[in-house]
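Protein chains in written order, with our numbering: chain X, 1 to 184; chain E, 1 to 342.
Be aware that one or more of the hints could be misleading.
To be verified - Examples of chain X residues lying across from chain E (beta carbon under 7 Å, computed): (1) Lys63; (2) Asp120; (3) Ile122; (4) Glu162; (5) Leu169; (6) Arg173.
None of these hints come from the bench; they were simulated from the model.
Keep in mind that this is a model prediction, so the values were computed, not measured.
By construction, the Cβ of each residue, glycine as well, lies at the ideal position given by its N, Cα and C atoms.
Here's the letter readout for the chains.
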Amino acid sequence: MHLEKLDDILTRLRADDKTVLKELFQAYYTPVCNAIHRFIRDKNLVEDLAQEVFLRFWDKRQKINITSSVKAYLHRMAVNEALAHLRKNKRYHEEEFTADISSGEEVGAEEQYLYTELEDNIKAAIDSLPPKCRAVFQLSRYEELTYKEIAERMEISVKTVENQMGKALKVLRQKLKSYLHIFL
Amino acid sequence: MGDAKYLDLIAKYLSGNISETERSDLLAWAAASESNKLFFDEMIQLWSISADYEESFEPDVEAAWNKLDGKLKVLEKPAPAEPKQAKIVRLSPLRWVARIAAVLLILAAAGYWWNTEPEILFGEQMVAIETQETDRQEHHLPDGSIVWLNENTSLSYKKGFKERIVHLEGEAFFDVERMEDSPFTILSGDAKTTVLGTSFNVRAYPEEEQVEVTVETGKVRFEEQATEEKKIVLQAGKAGLYIKETNEVKVVDQKDPNVIAWKTRRLVFEKEVFGNSIQTLERYFNTKIQVSNSNILNCTWTSKPEENPDLAKLLEVAAFTMDLEIVPVQNGYLLKGNGCSN
Numbered sequence: 001m002h003l004e005k006l007d008d009i010l011t012r013l014r015a016d017d018k019t020v021l022k023e024l025f026q027a028y029y030t031p032v033c034n035a036i037h038r039f040i041r042d043k044n045l046v047e048d049l050a051q052e053v054f055l056r057f058w059d060k061r062q063k064i065n066i067t068s069s070v071k072a073y074l075h076r077m078a079v080n081e082a083l084a085h086l087r088k089n090k091r092y093h094e095e096e097f098t099a100d101i102s103s104g105e106e107v108g109a110e111e112q113y114l115y116t117e118l119e120d121n122i123k124a125a126i127d128s129l130p131p132k133c134r135a136v137f138q139l140s141r142y143e144e145l146t147y148k149e150i151a152e153r154m155e156i157s158v159k160t161v162e163n164q165m166g167k168a169l170k171v172l173r174q175k176l177k178s179y180l181h182i183f184l
Numbered sequence: 001m002g003d004a005k006y007l008d009l010i011a012k013y014l015s016g017n018i019s020e021t022e023r024s025d026l027l028a029w030a031a032a033s034e035s036n037k038l039f040f041d042e043m044i045q046l047w048s049i050s051a052d053y054e055e056s057f058e059p060d061v062e063a064a065w066n067k068l069d070g071k072l073k074v075l076e077k078p079a080p081a082e083p084k085q086a087k088i089v090r091l092s093p094l095r096w097v098a099r100i101a102a103v104l105l106i107l108a109a110a111g112y113w114w115n116t117e118p119e120i121l122f123g124e125q126m127v128a129i130e131t132q133e134t135d136r137q138e139h140h141l142p143d144g145s146i147v148w149l150n151e152n153t154s155l156s157y158k159k160g161f162k163e164r165i166v167h168l169e170g171e172a173f174f175d176v177e178r179m180e181d182s183p184f185t186i187l188s189g190d191a192k193t194t195v196l197g198t199s200f201n202v203r204a205y206p207e208e209e210q211v212e213v214t215v216e217t218g219k220v221r222f223e224e225q226a227t228e229e230k231k232i233v234l235q236a237g238k239a240g241l242y243i244k245e246t247n248e249v250k251v252v253d254q255k256d257p258n259v260i261a262w263k264t265r266r267l268v269f270e271k272e273v274f275g276n277s278i279q280t281l282e283r284y285f286n287t288k289i290q291v292s293n294s295n296i297l298n299c300t301w302t303s304k305p306e307e308n309p310d311l312a313k314l315l316e317v318a319a320f321t322m323d324l325e326i327v328p329v330q331n332g333y334l335l336k337g338n339g340c341s342n
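Only chain E is shown next, with the shape it has when bound in the complex:
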């Protein structure tokens, strides 16, 4: 009988995932005894007979097509469809300030984005761009504006783009071409963001606690889609924050150079308080960084800005600067040390 280690090695061998050293180890083990060799041969046999696993599903294709056709017809209807349950962030009756900030919200009605604009028919020619888990994409709109999509984001608009209207779910950075007579509109749920010409970042993932809009250049005006009465204006260097749980809206100074790091692929830490840097690092590298001692958060540090930064290298710089020990843990890292006084 083989023990678990050799079973795993055999699996690697059969599936083509084995390394040279492992292969030598395995073959030596197989040669070591008759029972080992027999076991190995049995597994080879098992692998080869499992090739005969044919799926033989026989669905009623005609019936299935009728069903699909029915679904398509429903989606093509002009009346808005019911939003899918899964990830809708419901807005309770909000104060007008909060509701305007709700304009910043990209509600994650998974895939059913078109229900907010009755006149956009499914049948009309739409252009849709979607990114997956580890995907980012740059897209040029017909008017010359450029959008950079972060992961798990979808963007769509009418093909001709006569009116500059897009639907967004996820995170994107917009660089909007200035056109005096033609405002650029971003639709998401009940919200409407209008700009004339500017560049800004919108971050609205359904699983996060807040929505952030950061303006890089120009001005961004927000209004409630229905009334169009109330407005907030954000300009360069400012960010709008909408905290979902408290319905709180804040306009804050945005001095963090790393807000659009996902797009620029550059991280800058200059005499930055490490506590803030941790947040940036967690977000950029999609990892968790914990500290053994909260005084570590008070330290400041600097690292040389680099294209496509490497987390391990950055942590080494931090460790050296702040006298820390780096311990890899399950989902990320634990940093140990004495930290700095406040």
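So here's chain X without its partners, still in its complex pose:
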């Protein structure tokens, strides 16, 4: 997909040219979905929220000010959309943060030595984290936000962020223990 320079894109957007929206959609819908999918597992909901991102983007096309790239801008909107959804749906209850360690499965011995399985198991381990705990982990590990930034965006305290990161590591260690010894 060949997209023109940022200036051209912005000009076309401000001229209400819907074909540029279509091009952006075709280029970035999947990455936007992926960004949201990190936080929300229900794929239908992910797509709804991803579409909401593009609708909001189109809605404020006259006013947006992009300094980095459209992709980065959309990525940030996507993460915000996911977090807003998590915030809106329920209040952060303490129970939701409690990782259910007992339900974790040990990775079977026969799978240990298949490197290709590793990725799936990492994904499964991270997916098994409760939604808000996973969100904290995602924002730190992949979005590389500081604890303070995470606390602000999720509207929780920094202490809570610290606890959640600890819990996330605890769960991941439990589930991926077998893999750790291969590399050490």
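Assemble the complex: chain X is given as a structure, and chain E must be docked to it using the hints.
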């Protein structure tokens, strides 16, 4: 095995959030025993393998685009769309006074502001400004008027601004350019606020119990959009209050210099009854302030007006003046003391 404290420190270390003292503490702990060191190495390993977490969502992009296109077409239709459920404050059949005050209401139909003005098509060039959680913004309108938006507020208008009409949801302070033949209109839900040239503040957040309009200069006229018959006029030094629960409308004298503190970033407390000050402080700093003894509310105090005030400093002044103890609690502060007699 590491206990919880070191697990948290390790997380801070790996994510780059650790302080120097914590780092020394952690490294000393790791060096202290073989099992500690092993645990630490395992966590480092865990962190690095978690880098391979690739999302591989493969949506049907073509189908998704068709869906989005469909949604856009619906939004572009001239007929008003159904307002979104989430935050609409419904007005039961109101007395005319209350309904006019309803003019002051900025109904929070989240994002679906355009359904009130059928002729404003989505496809037309609109200018939209939005502020988020910790955001305030000053915006200049094409006619020279200035609007200051508080947090979580959105404002929009047709690009050319031939007719001076804006849509508002949230809180904003308007300084409207006087133009004799061209009234300035603010639309929100069923309500219409018209001014010729004046400055005033509108505060209408859906989660609050009342709506407040405070006029700084000039006169503000309100009427019901549909009939345009009944009017209330507010002028400088007055405020209109609409209490949502009782549908009650009051015109009150507005002597509180801190109503637009959010915009001026200045708080003034001069021989003010502390009970009132608490409300102002809670609103400005977005915090909760409780007192151990209701007599504390009767005390009066004064603090020197400052730009961008600091809550801790203000509370210290209050504590010193009124002999209070300040106790930080979960969402704010608790002030303890004997207070003052009435």
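Point to revise | Hints violated by the structure (listed by number, smallest first) | key: Structure breaks hint 2 only.
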